[in-house]
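Asks: Assemble the whole structure, with the sequences as input and the hints as a guide.
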Amino acid sequence: MFIRKQYATAEALAYAKVLQVGMRVSLILLAASFVGYMLDLFSPTIPASQMPLYWGMSAPAYLEHRGIAHQNWPWMAQMLQGDLVFGGIVLMAAVTVYCYVFFLRFPLANRDAVMTGVVAGEIVVLSLAASGLLAVGH
Amino acid sequence: MRHAVLMAAALAVACLLVSPVLAAEAPPAVAGAMPWWAWPIILFGITFLLGVVAVLGGVGGGVLFVPIIGSFFPFHLDFVRGAGLLIALAGSLAAGPSLLRNGLANLRLALPLGLIASVSAIMGAMMGLALPVNVVQTALGITILAIVALMGAAKKSDIPHVAAPDRLSQMLQMHGIFHDPAAGRDIDWHVHRTPTGMVLFFGIGMMAGMFGLGAGWANVPVLNLVMGVPLRVSAATSSFLLSIVDTAAAWVYLNKGAVLTMIAAPSIIGMMLGSMVGARLLTRAKTSVIRKIILSMLLLAGSRALLKGLGIWA
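Which chain is which? The protein sequence lines are A and B, in order. Throughout the first sequence, residue numbering follows my numbering, covering 1 to 138 in sequence. Throughout the second sequence, residue numbering follows my numbering, covering 139 to 452 in sequence.
Heads up, a few of these hints could be off.
Chain B is faced by these chain A residues, among others (derived, beta-carbon under 8 Å) [as the list claims (entries may be wrong)]:
id, residue
1, Trp-55
2, Leu-91
3, Val-95
I should point out that these hints are in silico values taken from the structure, not numbers from a laboratory. Backbone N, C-alpha and C define an ideal beta-carbon position, used for all residues, glycine too.
Replies: The structure is reproduced here in structure tokens:
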């Protein structure tokens with residue numbers, strides 16, 4: 001009987017499984033919400049047809065024109081204004097954070113202090129970036 | 139599940155194509171020769187083609203997307219860089235699971251380097267969004283032209299000789315085993331010059347965050363030529379690494395408002411579909427010719443970005 005040799009470690013296989021689910025869900029959500037956006041199903045504050053007025057502006061100028069310049073999470077403000085495509089994009093950006101949180105149990109279980117520090121450090125770095133605390137002050 | 143992703147992407151494409159019908163009821167938003175709905179369609183078409191040639195040429199999508207779209211489309215560079223990062227991130231997330239499962243992408247190698255590069259990517263993203271756009275455009279042009287030189291001159295080593303692993307790589311357990319189909323045997327690999335590699339990854343992360351380029355063009359030479367990682371493991375680990383580094387920088391762009399869904403969504407979908415087609419053409423295409431085409435495209439886009447940044451070709 002042919003037995004396929006396994007080169008990946010158990011932790012890599014577990015990471016791959018979580019990554020695959022997160023990636024697929026975020027891509028489906030992105031494509032589906034973009035369909036809704038282009039068909040004007042969500043009645044966004046700024047419809048797709050008006051975007052050429054904004055896409056040549058810098059990011060700070062764009063946020064100023066939308067009246068959300070001082071909000072910490074502009075993507076959330078735009079979602080609340082009907083641009084639901086941000087749902088898929090934000091989920092895509094969150095997949096790696098979730099994978100790391102899931103993965104942390106492996107070095108913890110192995111009492112691998114170095115790798116636990118690396119993984120915990122990355123969770124802190126990505127969480128800080130996602131929190132918006134590092135993005136204050138245009 | 140894969141079919142669901144493809145169906146959703148196909149629906150998005152169909153939606154792009156029917157948008158002119160909807161637009162018949164809405165006046166154009168701005169005066170100009172091009173109606174609003176033409177831009178996302180063109181963007182989708184261009185990113186689809188970029189996705190095909192990126193796979194055939196063995197480069198990431200972001201490194202082609204940012205200089206080309208940033209130089210020839212009417213979008214502000216802030217939004218182009220934000221979309222470039224998301225494109226690189228989407229491609230890396232899509233490739234990650236299979237690369238991890240077949241043992242080519244190595245977690246023990248990627249995670250420490252990812253931590254260093256993601257910290258510097260955040261710093262680069264914040265610097266890039268704070269600097270004047272002409273400065274970033276000029277620096278982007280210089281960087282792209284340097285990448286062309288690097289890609290043209292860089293050598294590769296399928297299985298580099300590592301006399302002895304260094305202490306840091308041993309402590310971080312940066313080693314592994316993979317099957318080399320060309321040699322027909324399993325290869326044990328180790329890493330050396332880890333501190334030097336880490337310093338270089340700090341710089342790579344900085345540039346990835348600042349320009350939204352992804353970083354495969356720099357990851358692979360550093361892993362392969364500096365740290366002594368076999369080429370196939372280098373390429374796979376580099377692809378996986380992008381999911382870590384680009385996530386960090388993408389959050390900064392999202393939280394700075396530098397992501398426009400009208401630019402990002404068709405670009406991601408176009409690049410993903412193009413990459414799938416490119417992967418199917420991989421066995422039939424002459425990759426040396428494709429590589430020359432990519433270098434020519436980057437040379438043109440890099441020159442354009444440099445001249446645009448200097449105000450010579452506005």
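Asks: Against each hint, give a clear statement of whether it holds in the structure.
Replies: Cross-check of the supplied hints:
1. At its closest, the beta carbon of Trp-55 of chain A sits 5 Å from a beta carbon of chain B; the interface hint therefore holds under the 8 Å criterion.
2. For Leu-91 of chain A, the shortest C-beta to C-beta distance to chain B is roughly 11 Å, which exceeds 8 Å, and the interface hint is violated.
3. Look at Val-95 of chain A: its Cβ gets to within about 6 Å of chain B, closer than 8 Å, so that hint holds up.
Going through the hint list in order, the structure does not satisfy hint 2, though it satisfies all others.
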